[in-house]
Structures are given as C-alpha cells and as structure tokens.
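Student: Use the sequences and the hints to build the structure in full.
For the protein sequence lines, the chains are A and B, in the order given.
Number 64 in the working numbering belongs to position 64 of the first sequence; there are no gaps in the numbering.
Number 52 in the working numbering belongs to position 52 of the second sequence; there are no gaps in the numbering.
A hint or two may mislead.
Straight-line Cα separation of at most 16 Å, EDC-like style, residue types lysine to aspartate or glutamate; simulated pairs [said to hold, decoys possible]:
1. A:LYS79 to A:GLU15
2. A:LYS42 to B:ASP56
3. A:LYS92 to B:ASP56
4. B:LYS44 to A:GLU3
The set of hints was computed from the structure by calculation and includes no laboratory data.
Computed from a predicted structure; not experimentally measured.
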Amino acid sequence: RKEVEQDPGPFNVPEGATVAFNCTYSNSASQSFFWYRQDCRKEPKLLMSVYSSGNEDGRFTAQLNRASQYISLLIRDSKLSDSATYLCVVNKRGLTGGGNKLTFGTGTQLKVEL
Amino acid sequence: NAGVMQNPRHLVRRRGQEARLRCSPMKGHSHVYWYRQLPEEGLKFMVYLQKENIIDESGMPKERFSAEFPKEGPSILRIQQVVRGDSAAYFCASSPPAGLADTQYFGPGTRLTVL
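Tutor: Structure below.
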C-alpha cells in the first residue's frame, strides 16, 4: 500500500465549478500535512498547509481528519489557471527534531475548461 | 530574497558518464533535501543534508549516488556511471533551521536525460 494515496484523475471541470480532491495516508505518525501544486514540468509549489481545524485561503479549503487519516482539498469557483496537478504531502519530523522528509502522493490532475 | 536555485536546468549525459547537480538553498536556510521524480510518477525523497552533514539518506540508491553540502558553496548531488533509468527530474528543496518552520521550498529542478 502506498504511504499517500490519491485519485490520479484527470478531473475535467467547467470554469466556475467546485471540485474536491481526497487523499489518504497510511503512517499514523505523520505530523504535518500540505497540499502542493505542480504545473507541467515545473517545481511543486506550496498551496497550503492542512490543519485538523480546517483552513481556508480564498477559494481553497483544506481539511484533515486524523482519525480517518484523510485529507481533502476543496476548490470553489474554479479558474482556468487552477489547471495543474495537486499533490497531497505528509511528513514525519525526524528524530533529530529538525527538518523533515516529505512523502508525496502521485497527484491528482485537474483540467478546468471553458 | 532569491529562491532555491538549481543548475543546470537541463543536463544530457551518455551512459557511463557522471552527472553533477547543484543546489543553492534560500538565504537563511540550512536544510537541503533532494527529491527525484521519474516520468509519470510522484516525487520521491532521496536525501536530507545540513551543512557538512548527511542527516537522512534513506532514499538514496545504494550505489552510484552521493550527496554533499559543504561548508561553503552549493549542495551537490552526484551520479556516477549514469544509466538510462536515472533519467528524471531532480528537485532540491530547502527549509529554515529547526524550530522556525518546516515548510520546504523547491527549486526549479534539473532534468537529467541519459542517452
């Protein structure tokens, strides 16, 4: 079983739609959770951190359920520019107390269409 | 404040040659990480370094791969005797010292093609 699992998609949605991505992780010791965005052949860019209380940044809402080991990302009013691959990322802080090793899902591809 | 810098951006090598990939972290960042992304796959952790120390190399292949982060200069990922399977995008990330934040910021990557 993969440490971080995501539906690969692609999700093809019309502009203005609401789309939701889900992710599950297997390591219950994971401590930090993120959504990154990766455009074709470019570096991953941090979209947002994910907290148990849920957090929102404009049109983006992320949620973490530690009991179910489940992470979600909701995009409202999707734009053409939202087309990208969305990466679910978890980490477990190293024993040294510093730094961390990110574990990436394979990503969910989103295509927003006119 | 410049972001994470990587060079070269594209590197072509023939089988058996050596590849050297360089990464300069963001100013003030003392932690460097290397990840590899094979075609159509997710990013996989390779190695985590601090200045002059390898902290975690659990993701590094046992042979031909090595990494360093000297006191002065960039971090280097070195691949000896490259094979076609080494063709991938290699991303470097950096983060601040422990206790300040654990967010990692990625460089633009080096795309290695082995002929």
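Student: Enumerate the violated hints, using their earlier numbering and listing them in ascending order.
Tutor: Violated: hint 2 alone.
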